[in-house]
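From first to last, the protein sequence lines stand for chains A and B. Position 232, counted from 1, in the first sequence is what the numbering used here calls 232; the numbers after and before it change by one each time, with no gaps. Position 256, counted from 1, in the second sequence is what the numbering used here calls 256; the numbers after and before it change by one each time, with no gaps.
Some hints could be false.
Said to hold, decoys possible - Below, a list of computed lysine-lysine pairs in the DSS-like style, where the Cα atoms sit at most 30 angstroms apart:
#1 A:K333 x A:K76
#2 A:K76 x A:K42
#3 B:K169 x A:K267
#4 B:K169 x A:K282
#5 A:K415 x A:K139
#6 B:K169 x A:K290
#7 A:K415 x B:K64
Since the hints were made in silico from the structure, they are not lab data. Because the structure is a prediction, the values reported are computed rather than measured.
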Amino acid sequence: MKAARLSVIAGVAVVGLALAGCTGGGSGGSGGGDASANLTSKGPITYVQGKDNSNVVRPLVDKWNAAHPDEKVTFKEQSDQADQQHDDLVQHFQAKDSGYDVVDVDVVWTGEFAAKGWLQPLTGDLKMDNSALLAPTVKSGTYNGTQYAAPQTSDGGILYYRKDLVPTPPKTWDEMLKDCDIAKAKGIGCYAGQFAKYEGLTVNVAEAINTNGGTIVGDDGKTVTVDSSEANAGLTRLTDGFKNGQIPAEAITYQEEQGRQAFEAGKLLFLRNWPYVYNLAKTDGSSTVKDTFGIAPLPGVTADKPGVSSLGGHNAAISVYSKHKATAFAFLKFLQSEETQKFFVTQGSLAPVLSSLYDDASLNTQLPYLSTLKTSIENAVPRPVSPFYPAITKAVQDNSYAALKGDKSVDQALKDMAAAIKTASAG
Amino acid sequence: MSTSNVVAPPGTQNPKSPQLRAGVKKNRRQQGRWALYLILPTLVLLAVVIGYPVVSAIIMSFQKDAGLDPATGLFVQGGFAGFQNYAHWLFQQCAGPNGESITCPPGNLGSQFWNAVFVTFFFTVTTVVLETVLGMWFAFIMNRTFRGRGLVRAAILVPWAIPTAVTAKLWYFIFSVAGIANAVLGAHILWTSDEWASRFAVIIADTWKTTPFMALLILAGLQIIPEEVYEAAKVDGATTWQRFWRVTMPLVKPALLVAVLFRVLDALRIYDLPAILTGGGGGTGNATTTLSILVVDQIRQGFNSASALSTITFILIFLVAFIFVRFLGTNVVRTQEAQQKGAK
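Bound-form chain A, shown alone (with noise of 0.2 angstroms):
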């Protein structure tokens, strides 16, 4: 019977024990490899990135492949999940994985990356010609003043409206308030963005902040800046706008296609969104807007000047494990040519980063949206490039969200927002 017993706690004991087990992680660790080896080797690389939804890389790869026939490009395919390609990524850098030659890193993980010492710094031999770039791109795969990974596609807020309730689109946020009023003798709601609290809620607080001068934290990714009154003045627009109606309360639940679906249903006069809502709003079968919307860019604080958006994207890396730099460099430049941003727009309506597509012709009749588009990105601030950037989003998100609700005050959330961001960076 003791036997019994014993044996059902040790049965519990192994149980917990393996529940336990799972949740432990990796190691972390700093250490990264020789950054000044294999520097000019060639050879066969391979090439990782999420799931190739739009099927531009394959076709790329085998042009790249065919042009080059000693040093063929594998395309390594992970998951259409941005948490597990970032922890797939992680394991194979910690794996010091030779194997994982060019990377292609969402621009928040860049400093994480950099930091870690796992990235090629993009110097020396293996510079990157940027002048052709739209300049908030190349800043987003900068850390620390080195820049660590090349801009390969891009993306920025841009906003709907309905043209025909609204003729001219409000440049100013204020001018957006006054528009409300319309909104509400329609009896739909007036504005909206990303507000539930994920990573599209500190993109919207970040622009918020942005656009009114502030900043979140310094150039170094570390020191904190956002206990500043423009920081104050930004996130008050947002709660704001919650506490007078003129952001429908449901708005809080709002993600990217929430808010979309509310637009097309024509509840909303206004509303934030990526340019991939553009065709879905004009082609969709459920759309009421199709022909009744039209697009802006972001409202400033004066009519001068737009509002700034946080940037979106991916950019491409060297990994400092990689045998074969030289074919790899050669690689990112092969992703920045103009024959492969055309191909990444027209295909699989991925933004480009050179400024030189948002003025093409006949882009433009294809694509509507660019020129919106340009002046969006142009005028756009990355979201922090920090090594703590998982902890300051966390802070962002959780301290504004209590914010937008009226849980706090904007003072004390951009108080502790700044505090939980030193804590992070202290540790």
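For chain A, the structure is supplied; the task is to place chain B on it using the hints.
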């Protein structure tokens, strides 16, 4: 105890000769060695898949997370942390700007620990109680003989057959602002955003999904109760209520307790359902953040601190399981034995 008296003490009446006795002894020892060899692969496997991760997680939990070298902007190893990571979670101690210890500000994961403990235990208690009551009811229905019983059994089992991630997404659509839940109720509830609405959303979805599991295990317990017992009780004039409390409950209790234990352990480490349904949000942003969600959040910010948190979580779950087995589980074993004796 009975198998270990290999050699009888000298002087007692033993018919075997010394040589024979030595042979037996050798045989036994060989057998023992063989047994060891046979279980060795299992032990090695357990050490690799369970022992190593747990020990390494505990070792990591005493290391500081990597910090930045101000000169290069690169990460450097944090070094030995002592109990700092544990104090971070248990007492909300964070590093201040000058390295001193301050209370973790909101927005830092450390400040959410006790909230996560509350949420986890709240979910556990409410869902397990609901699932037990409903599961029992379902089991009684499925235990009856009536036309269409197969159909009812299959229908009740459907939610359990759906993967949790799909369940969560399904309820996510139901609970969206423009979803069915609000349409049916004629209400305008922000299910994934309001503090208590979001908690109830998780509880409703979890109950919907896991009640069939409870019902199945309880049904298994019900089916071993012989019909004669009920007949005897009826003959003795027991009312339906008395039959339930005096006959059914004691006999179904062992199966019920095992089912409850499984569910409690399961509920204490709940992750996927709230993570997908609400993203751990609601209220001021953390109304449905369970301990497991907190661990995963922390992994992205620092492995070593996450190891400390997962060790704390493990100890908490272990304590609950231990209390269960100690105070109720003993009962499980005894009643089963008693039942077996009674049946033979």
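Results for each hint:
1. A:K333 x A:K76: holds (19 angstroms)
2. A:K76 x A:K42: The hint holds at about 19 angstroms.
3. B:K169 x A:K267: holds (24 angstroms)
4. B:K169 x A:K282: holds (27 angstroms)
5. A:K415 x A:K139: Given that 30 angstroms is the threshold and the Cα spacing comes to 27 angstroms, the pair holds.
6. B:K169 x A:K290: Status holds; Cα separation ~28 angstroms.
7. A:K415 x B:K64: holds (26 angstroms)
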